Every structure is written in C-alpha cells, then in structure tokens.
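Chains as they are written, first to last, in UniProt numbering: chain L, 1 to 350; chain F, 1 to 350; chain W, 1 to 350; chain A, 1 to 350.
Don't read these hints as lab results, they were simulated from the structure. Just so it is clear, the structure is predicted and the values come from calculations on it, not from any experiment. Cβ coordinates follow ideal geometry from the N, Cα and C atoms, glycine included. Hints should not be assumed to be uniformly reliable.
Here are the simulated DSS-like pairs of lysine-lysine, each with C-alpha atoms no more than 27 Å apart in a straight line [claimed, not checked]:
{"id": "1", "chain 1": "L", "residue 1": "Lys-153", "chain 2": "L", "residue 2": "Lys-223"}
{"id": "2", "chain 1": "L", "residue 1": "Lys-223", "chain 2": "W", "residue 2": "Lys-22"}
{"id": "3", "chain 1": "W", "residue 1": "Lys-74", "chain 2": "W", "residue 2": "Lys-43"}
{"id": "4", "chain 1": "F", "residue 1": "Lys-223", "chain 2": "A", "residue 2": "Lys-223"}
{"id": "5", "chain 1": "A", "residue 1": "Lys-22", "chain 2": "F", "residue 2": "Lys-74"}
{"id": "6", "chain 1": "L", "residue 1": "Lys-22", "chain 2": "A", "residue 2": "Lys-22"}
{"id": "7", "chain 1": "A", "residue 1": "Lys-223", "chain 2": "F", "residue 2": "Lys-74"}
{"id": "8", "chain 1": "W", "residue 1": "Lys-223", "chain 2": "L", "residue 2": "Lys-74"}
{"id": "9", "chain 1": "W", "residue 1": "Lys-283", "chain 2": "F", "residue 2": "Lys-22"}
{"id": "10", "chain 1": "W", "residue 1": "Lys-319", "chain 2": "F", "residue 2": "Lys-74"}
{"id": "11", "chain 1": "A", "residue 1": "Lys-74", "chain 2": "W", "residue 2": "Lys-74"}
{"id": "12", "chain 1": "F", "residue 1": "Lys-223", "chain 2": "L", "residue 2": "Lys-74"}
Per the computed footprint, the stretches of chain W lying under chain L, defined by three or more beta-carbons under 8 Å from a beta-carbon of chain L, are [what the hints assert, rightly or not]:
{"id": "13", "region": "64-77"}
{"id": "14", "region": "220-229"}
{"id": "15", "region": "264-276"}
Protein chains: 4
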Amino acid sequence: MLRFECDYGEGAAQPVLDLLQKTNLEQTSGYGEDAYCAAAADKIRALCDAPDAAVHFFVGATQANLTVIDAALKPWQGVLCAETGHIHVHETGSIEATGHKCLALPAREGKITAQQVRDAVAAHRANPSHEHEVQPGMVYISNPTEVGTLYTKEELTALSAACYELGLYLFVDGARMAYGLMSPRNDLSLPDYAALCDVFYLGGTKCGALFGEAVVITNDDLKPDFRYALKQHGGMLAKGRLLGLQFLALLDGEDGSGSSPYFALAAEADRQALQIRDAFAAKGLAAQYDAPANQQFFVLPDAWYDALAARYAMSPMGKPDARHTAVRFCTSWATRPEAVAQLLADIAAL
Amino acid sequence: MLRFECDYGEGAAQPVLDLLQKTNLEQTSGYGEDAYCAAAADKIRALCDAPDAAVHFFVGATQANLTVIDAALKPWQGVLCAETGHIHVHETGSIEATGHKCLALPAREGKITAQQVRDAVAAHRANPSHEHEVQPGMVYISNPTEVGTLYTKEELTALSAACYELGLYLFVDGARMAYGLMSPRNDLSLPDYAALCDVFYLGGTKCGALFGEAVVITNDDLKPDFRYALKQHGGMLAKGRLLGLQFLALLDGEDGSGSSPYFALAAEADRQALQIRDAFAAKGLAAQYDAPANQQFFVLPDAWYDALAARYAMSPMGKPDARHTAVRFCTSWATRPEAVAQLLADIAAL
Amino acid sequence: MLRFECDYGEGAAQPVLDLLQKTNLEQTSGYGEDAYCAAAADKIRALCDAPDAAVHFFVGATQANLTVIDAALKPWQGVLCAETGHIHVHETGSIEATGHKCLALPAREGKITAQQVRDAVAAHRANPSHEHEVQPGMVYISNPTEVGTLYTKEELTALSAACYELGLYLFVDGARMAYGLMSPRNDLSLPDYAALCDVFYLGGTKCGALFGEAVVITNDDLKPDFRYALKQHGGMLAKGRLLGLQFLALLDGEDGSGSSPYFALAAEADRQALQIRDAFAAKGLAAQYDAPANQQFFVLPDAWYDALAARYAMSPMGKPDARHTAVRFCTSWATRPEAVAQLLADIAAL
Amino acid sequence: MLRFECDYGEGAAQPVLDLLQKTNLEQTSGYGEDAYCAAAADKIRALCDAPDAAVHFFVGATQANLTVIDAALKPWQGVLCAETGHIHVHETGSIEATGHKCLALPAREGKITAQQVRDAVAAHRANPSHEHEVQPGMVYISNPTEVGTLYTKEELTALSAACYELGLYLFVDGARMAYGLMSPRNDLSLPDYAALCDVFYLGGTKCGALFGEAVVITNDDLKPDFRYALKQHGGMLAKGRLLGLQFLALLDGEDGSGSSPYFALAAEADRQALQIRDAFAAKGLAAQYDAPANQQFFVLPDAWYDALAARYAMSPMGKPDARHTAVRFCTSWATRPEAVAQLLADIAAL
C-alpha cells in the first residue's frame, strides 16, 4: 500500500534526525529557554523580516490554534472563519473548550473574503441586540486552506485591511505554510505574512519535522505573557529545544531562495501533486478545487476509486452520490518519486 | 407609544405581586430550600404527571439553558440545535463559554426534524475522523420556536424517539411554554413534554412572572447533584422562595383546564396575536411563519412600517431589501385589549 | 422559630414592593436599558461621587463575582483572596468554572493585607518558573468580610496602593455594603470605595431588596463591552428595570446622611447585632471576631447552643470541639425589635 | 557547567533515537492509530497485568493531567491534591482552565493520606451548605512526589480504598514512574498501580524518551470516548507513532525484571542520587525529605551553594533564610558517571 492520504505519514526529513542525534546528549535548559530555540526564533524573524516579532514553538497545530485564539480574545469574543475551517470542523471543539465560539462564514473554495468579514462585523454592530451575540474579535484563515487552495496577496491584503480597520486580529494557520509558499501560483512571502497578519505560523509537522509549529506574533498587544498561555494549555514542551532544533535543521542555510530543506522538500511535493492533478485531467477528470499545492481533491467514479484503493491510501471525503467517492491525495516532503510514478501510470491506465 | 415589541415589557401578573406582598415578612430558608419552592415543584410535578421529576427554579432562560447543557454534556459533546436557536444566536456564546459547541442545523420555520438529527449523528459516527469532531450529545429545541412556530406532538415524538435511540438528551426551551400550550393549534400537554423530553422548562418571565423558569428533569441521569451546577453558574437565588411563590401564584387552582393565571393569560395573548395576524392578512399581507401563538412576524412595506412605528414599538428584524422592514409583534399576559383594538384599527387603515 | 441565621430570610423593604407595584404595568425596554436603571445608575454615581463610573445591575452576588472576575482577567491570571473568601469557599468553584484560579492567602480576622499582596506578587515575579504559576491579576476582598469584620480606610488605601503599583485590579465584594457603611466603626464612604477600587458593588439582596447587586466600575479598562459579559453568563435580567427600581426605592432621598431605607435599615440592623454581641459579652462570652456590623460569630457551649437552638435559627459553623458549637447570628433590614428583645432576654437567662 | 537541575536536560536514550531513525520513512496512519502504538499499548498492558486497560499516549505531563482530570470530573467537581501537587502550583492553572478547582490538602513530605481524603470528603458531605462548595471527585497524587518521596504500597492501598468507598477516582501522576519503581525503597509494582488506581501514567519525558507519557486507564467509566478529550485539548499528536515507538524502544525486552532501558537507566539514576545524598550526609547535611529516588533536596549554607553553583546547575527552590539556599539535585537516565564522581568529590571538599 502506497500512502497518499496525508502529509504526516512518515517521520522527519533526515537533517532533522541528524541534528537531534548530534545534540542528543547536550544539556540545556528546558521549556524552550535554550540557545537552539533562540537561534531558531532569530532565523525565523530574519526570514520574516520582522525583527521584533515574538516566536513561540508548539508541538502541534490544534494546540497552537487554541492557545493563540484563547490568549487573544476577550471572553465574549469569537473567531470568524470559513465553515470549512479546521478549528470549526476538525478539532473536536477545542476553541469552544476555551470558551470561544467559531463564527463560521460560507466559504468559496475554502476561502472567505474581506467583504464577508466587513459584512459580518457591520451586521453585528448594527444589530440593536448585538450584546446578545458573540462579538467578532479575530479572523482565522488557513493558507493553504483545508481544500488546498491559496489566498492571493491581494486577498490577504484585503483581509488585513478589513481587520485593521475593524479592530480584529488576523490569524493565519500555516500548518502547510511551506507548500503554500512554494506553490507556482503563490505570490506571498514570509515578510508579507509578517506585515499583514497579527499572528501566524510556519508548520513543521506536515513539512518535514517530527512535529512542531512556529508561531510568529507581530502584534505587540499579543506578545506579553504569552508563555503563560503556552504552559496553561499544556503546550510548553519540557525538552523545548527539540522544537528549536528541528526548525534550525529545516531552515538550515535558507536565504530566501527556498534552498533549505523546509522549502526545497515542499517545492518537490507541490510538483508531485500537480502531476497527479494533471494525470486525472488527462483522463478528463478535473480536480474539485483550484488547489495549486500539495493537496488535491477529486470526486472519483467508484470503479476508479476501487481500482486505486487496492494499491493506494487516499483520504476518503464522503460519498457525494451512490456512484462516486470523494477523496484527497496528499503529497509531502517524504513522497518518493517512484511512488508518484507508479500512481501516475495507474491513473493513466484507468 | 404602545409596545408590542416583546413579552417582557411589564412587571408581573397581579396575583404574583399579591403573593409576594402577602408573604413578604415571613422568614424562610434561602436558596430554594423552602416550603414554597417545594409546593411549587409538587404542583408542577402533578401538572406534568411526573411524580419523580426533579424541579429546579432559575431566574432566567439563558442561565437555565447554559446550566442544563453544561451539566448534561461531556466536555467533548455539543448540542444540536436550529441555526435560529436562541442558544446559537442570541445568548452571547453562553454555551461555548461553558466549553460546548452549538451544532447548528438548517431550520425550516424555526424547526429541526428527527431526520436531521438522525442524519447528523449518522454522519458523525460514520466519519472515520469522528474523534476530530464534536460529538452530538443533546438536541435543543424551543417550543414555541424563536419564530413563533410550534412543534406538533408527532414532531416532538419523532425527535424524542431519535434521541432515545441515539443516546442523546432532548431538551426543550419552554420560555414561552404557556403560549405554546394554549395555542389553538397545539396538541401537546405538559405530561407529553414530561414523557418525551429528558429536561424542559416552563417559562415564567415571559408568561406572567417578574422572572423565573421552572426546569423539569425527568431523566434520572441528569438529576444527581444538579444544585451544584445551579450554584456554580450563579443561578441559585438567595431568596429562592421568590421563584416558588411566583409559580404558585401563576399556577394557582390549575387543574389541567387552563384556568390558572399562567394559562388563562397566555390563551388571551394568543388570541390577540392571531387577531393581529388576521388584520394583516385582511390587508393582503401574510405572516412570515405559520406561527399560531403570541409572536407574529411580518415583512412590512416601509410605508406601513413608518406609519405603525410612529405609534407602536415592534421588534425590528432587519431589512430584507431596500423597501421593506421585517418586524415581530408580540403580545403577552399584559397586553391590554384596548391596545390591540387600536392596533387592529390602525392596520385596517393602512 | 425566630430566624437569625442569615440576612436573606425575608422578602424586601416595603418601599421596594410599593415601587414594583406602582410601576407594574408600565411598559419599558428590557435588559436594563430603561429609564429606571438609568436613574438608579445616576443616583449611585452621585452617591459615589464618580460621574464617569459604569454601573451594572446583577441579580445576585455569585453571578456578579464570576462575571466581573472573568471579564477582568487574562486567561492565565488568578485572583488573590482570603482563604475565607466567598469566591474561594462558598461559590461551588464558580471562578474556576470561568477558568481562573483563586489564589488564597492566609486571613486574619477574615482580612488580607497589602503586605501579603505585595509578598505574593513579589514571590511570583521572582520565581524563575513564574510562567508555570498562575499570574496574580486581581485582589478580591469582601467588606464587611465573611466573618463580619471591616477593613479600615487605612487598610483599603494600602491595598489600593499595592494593587495600583503592581498592576492588579482591586475588586470589593459589597454584598453587605450597607451594613459596613453604617457600622459605628466604619471610616469608609462610597466615594472612598470609588476612589480606591477598580470595581465594587453595593449589595441589595442582603440589604433590603428582593434581589440585586449594583456593580460600580471606575477603571476605564474594565468598562468596554461589559454588557456582553453580563449576558454571556446569564446575568442580564429580561425585566432589567426590576433592578433599577429596587435600588431607586432603597436609595430614595439619600443625600449622604444615611436617611434612605438602604442605609437607615442597615444602621438599625448593626445596632441590633451589637446588642446581641453585648449580651453574650455580659455573660462572659466574647465574640470570635472583632466584627462591628450585622454578623456576629460565637463559639457556644453546647448547653447554651441547645437552649437557644430550640427557639432560634442560627447558622451552624461547625464544631470546634466535642463540647462547643460555632454559630453565626445575623441581623438584617427585616429583623424585628421584639425578636431581638426576646433573644437578648434569653441570652441573659442562659 | 554540569547540570543536575532537572531530568529533562538531554535528548533521549539511544535506543529511542535508533528506532525513530530505523522506522523514519515507514508510512503509517496518524493520530496514534498505528501498529507501533498498538504494540506499545499491548506491552504496557502486559507489564501492568491489566489486559483490559486503555492506554493513551500524550506528549507531556501537563497535558496528560488536564485532559484526564477534565474528562473524569463533573463540572462542579474538583480534585483533591497535596498543596505541593504539580497541578496546584506548577501548571499555570491548567486544571482551573478546564473549569475545575484544585482542592489542596496540607502535605507531609509531599504526600497526603487516606485519612485526609476521608476527612475532607466527610466534611464536605456533612456541611449543610455542601452545594455551595466544590464537590471532591478525584484524588491526584504524584509518585514519586514533587519532593522526591515515595508512597508505600500500604499508603497507596489505603488511598485506593478510601477513594473506592467514597466514590472518587484515584489518579497517579507518574511522570517519574521509572525512578519510583526502581528505588531501593519501593514496594509497588506496575500491576499494583493498575489494581489500585483508576488512571495513572508511565512518564517517558523524564525517563529516557524525547517526550511522551503513557496514560493507563483501568476504570471502565473513564474509557469511552477518551480520544475525543485527547484531541480537544490538542494532545493528539499527528505522528502519533512517535509516542508508541519511544515506549517500545524504552521497554524493549522488559520482562518485569527491570532489564529494559526504561528501568535500567532509572535504577542507575536512583543510585547516583543516593550517592549525592550520602555525600552531603557525610558532611553532616541531611536531605530535606526522605526521598529515595532521583530527586534530592537540600538547604545549603550559602558558602556551599556558591561554591557548587560555580560548577553545577541546580534547581533553586528559594531562600529559607538570609544565609541558606534551598536547592534540588536531579539525576536522570542521562547522568554521566564522571559528572557524579566530580560532584561527589566537590561535595566532599566543601
């Protein structure tokens, strides 16, 4: 069975393991207060062109999401997000468990727009009973989105402007940040994220690390005492250096050209995903979404699904009708060329 | 200005004030552990034909909702409700503040169906990633609904059966219970509620009391230690007898025929509301919803709205387009016949 | 049975009921947005000499406490309080249910000192692992305290100075505010409270109202959007005017001389409580605490306890040893002179 | 600088890294639903002689604690613990953030007794106002404790009996389980823990893993749907197999004799710690606690402290007076014999 079901099926890029092994018996302070975390944070600040940003490392994305949102919002505030947003549908109510409501907006291609945000906030503020409603306090988006699509720089800039004018925080879940940045269709850079968002993260778990997300906070209001929040939600790793080390390994030598493992591996995964997309297109099957990165969604005729499922693990996404099955194919930093080649051949032979 | 905007614009039915005055200087235990609360609970148990039910008095409906839901659910469970449900859109995220997600379902005429509940639970359980989703643990409905419509006995029975089979609690918000029960279209009784629901309440605030909701718990699993929950959320009134006294006054002499103030006043309010409905119908304007109780919703041409707004307070419900205004008219236990007469005349003269 | 067990055993001072009756059928807006609440808030601002204070009315003290504390604190902050503090031991963990820890300090006579606050904060900040501890964010005291004692102006000023310097909020639970202010030993005024505290309240429930607490917020940081918090925790009374009306009735004619029902009734209750204190002292039994207001605590020999318990309800406070019973005697706005006279005689006859 | 400040200053035991490297490019399901987690769980069940136990892997101890406690308790329940308990003083209020109060009991040598539990519960239940207090729902202890001491089998059996009779859960934080089990003074086995506790864990982070705690649930009431809780609190690791793999490596070949890396490394660390203890004793300085495992606490004269601090990192534990400094020395699976030898020599030379 070859697995294309997700981008967290293997361990870590080899430089990560090598650095963990090399430093294994060094003694450092715990809880992220070590030189490796400091160096990794510096590296990320430099890549983001954000010398004053605070950088905090989390083990996983759900924990990063719930901690950032809980730390940022007043008790009566909620977070605007796409109805397909990961925090709304795929984290077992983790945001609500911290007391905050997800204010879901209809999504097109997994995305929400600045106009939707403006309309939602305007409707709230115009409502004479607004005190009986949850107050929007933040916008959460994922980029790439949960359906693999990308926000453009224009779209993110518009969201940023809306949030700034309305007094909302803009938070970007970057669990697949590397795949987004390396997509041939991407027009955003890390400095753009730092300039446009109040807080965002560079995902490690899905992009070559064993685990780890690097949260970058650019808004000064969100910086004080953030480590209390990290600890309170169980997110402060005892051997915190493991997080710093992994980002150092992944970003080693990065100069903005995408040459480090983090970016180079993601670029290759994007290429592979687009080959899969093209292979289906050649068979007359268009992808479900305009998704130019490492996740590709298709509605397969069941005969095709059955043929492929015998050899490949895909993510099942439900059955839209009795004769089709929706699936996601994912490539990753670990996807082997020969696995892709075989899949492409098998698609061609359908 | 004559007010038809809500059913909580006046104080209380006179027998309520009389009984409060009459008993004012009596000394009783606090926190609901007095003979009046005990007698009121007995009275309600008798009317519900539910001798083993637990009865707890709350000051208000939001507090009753959040306390019942928080007490009933596991941390990872959420509550299925209509997208128009009061807990979802009109309580400032009070349910989320206790850690639980509202799982909103599309509503028709303010109602959800047993089939929707079955489908939602089946979809959850069939999802291989169900542990990443909030688990449905309860169904919340309001009857009358937030748009004034009524669940039939058949509909409530179907919901009850679905919940029972699926292992969910069924909770009915009865903030306007009296208006529902006295509607000419109602086919439900208090014993029906007791038999079909795990927990429900008889609203007092909107039905003749100064304040107060009587929560009736019939499911044994929800009974133990409920008073801890009541206290923890600030719902345990120091002078708890005030709640028992009010329900005693409102239900005085009730024998199931609707002769007590609680029911007689509601029946009159329903009649008045239907007169208003008929008056608009006579002008060619149908009500928005098939709502046979004390709330009536209309989309008024702005000329009509302006004419009426000069003399009457209505609840504004937004502007569906540039030339219409949506409004709610409410009658209540306190609506004066002459106010209704004047309104009817003014509608006729539009 | 004559009841001296608490100060919430009767209904309300007659002017409260009279005003509720007189205004009963008036139609007003709900949720506290009516002219009576506005007038009561103005009256309280005037009495506090705090023209810019925000005033919000709650039904009860537990709800006021949890709402104020949750609205004020960051998620990782806790509230310093006496180990005997009501929020710590008598509210079923209501503060923790909002996510915040009570940081209990040893109490002397039910009080904590500015030095204790300074020491606790200094210890926290000096701890290299302070991010692993709850951060102190507020000081909560009750005045009168839970054991009937009073903070002096000097003590409250010192607490206020410590909180200001350390960046903590100072919150005073004034559930028995009237009894405190009218104590012969009191040297604080409402303007003092307004000047020294960030937020405090004037209790109504125990001081002549059916129910109600008037929260006064003087710190601008705590004012915005407070009504969202009020609603979210179920504390926004539908017929909000009932709260405004009661405070108007209680404070009617008040000019700072204590002539209104609120203060005059409390003054009399204090006098009665001190008579009870003196009666025991005449029998050689000193009170447990230096408590110059309406609550008096004694450790009674069991023979005395048994004799009194046959005719009087007292609050049992546990058995310090096999032969004594600790009790609280409470007077209130409703305590009848003849009941006190009888008790005094019975004490003298012990 | 040689570090004796904690037991999480290095990476992982070499077999852990080796197995991670060896399996690195295997493709498995995520979220702990892989064969390695299944095998590790089986291994742990076998070692615990608890074939029906549920085993769940967490990244860290704070997260394990908050998730277990939140999943087990009703909203109004709290957790009895030592005043020195990790959850009470060293996790930034993580338990309160889930809504539950820590009910701290005075500790002797870091331990609480069955009698204290019985007394606390009896006092709660006897209190006529018990509904105004948090209800005890669980007992939490750490073994080894936060001050390095050990519960005996007799003590744990007594706690277990008390909990069983009173209807409380017994939860043992085993962050340092291996050090406890290998102490020369230990008389408990893993099957004892499984038989006596409702839930406990085998710590990996401090005992040779990069990270990871294996939670063992033996009480059937706590088993259903636990993975929802795991996910909701952000504790479900995407590459869950990393946790299973680490425990497999640490427990490799274990047959109950302590031969696996997990136990053998801990045994050596205990020996080293006791050598340090003996070295101070030889200088006339007794340890603070009767702590027979890998943590040793001393109150050092400042001259000694200064001399040692120049070469060794210790955990500072405050200054009990102007001339002494309290410290903790920790050994671990990674402590090198030559580091201990040097420390012993330096102590001898003080």
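To see whether the hints hold, each was checked on the structure:
1. Note on Lys-153 (chain L) and Lys-223 (chain L): the hinted pairing holds, with a Cα-Cα distance of about 25 Å set against a maximum of 27 Å.
2. Taking the CA atoms of Lys-223 (chain L) and Lys-22 (chain W), the gap is near 54 Å; set against the 27 Å cutoff, the hint is violated.
3. The hinted pair formed by Lys-74 (chain W) and Lys-43 (chain W) fails the criterion: a straight-line CA distance of about 32 Å is larger than 27 Å.
4. Of the pairs offered as hints, the one joining Lys-223 (chain F) and Lys-223 (chain A) holds, with about 23 Å between alpha carbons and a cut-off of 27 Å not exceeded.
5. Pair hint Lys-22 (chain A) plus Lys-74 (chain F) does not hold up; C-alpha atoms about 40 Å apart against a cutoff of 27 Å.
6. About 16 Å separates the Cα atoms of Lys-22 (chain L) and Lys-22 (chain A), which keeps this hinted pair within 27 Å; it holds.
7. Taken as a hint, the Lys-223 (chain A) and Lys-74 (chain F) pair is honoured in the structure, with Cα atoms around 13 Å apart against an allowance of 27 Å.
8. Only pairs whose Cα atoms come within 27 Å are accepted, and Lys-223 (chain W) paired with Lys-74 (chain L) is accepted, the gap being roughly 13 Å.
9. Between the alpha carbons of Lys-283 (chain W) and Lys-22 (chain F) the distance comes to roughly 39 Å, so the proposed pair goes past 27 Å and is violated.
10. For a cut-off of 27 Å, the pair hint linking Lys-319 (chain W) to Lys-74 (chain F) is broken: about 38 Å separates their Cα positions.
11. A threshold of 27 Å between alpha carbons decides the hint, and for Lys-74 (chain A) with Lys-74 (chain W) the separation of about 24 Å falls inside it, so the pair holds.
12. Note on Lys-223 (chain F) and Lys-74 (chain L): the hinted pairing is violated, with a Cα-Cα distance of about 33 Å set against a maximum of 27 Å.
13. For a cut-off of 8 Å, the count of residues in the region 64-77 of chain W with a CB near a CB of chain L stands at 5, and the three-residue condition holds.
14. With 4 residues bearing a CB less than 8 Å from a CB of chain L, the region 220-229 of chain W meets the requirement of three and the coverage assertion stands.
15. Residues of the region 264-276 of chain W with a Cβ under 8 Å from some Cβ of chain L number 0, which does not satisfy the need for three, so the listed coverage is violated.
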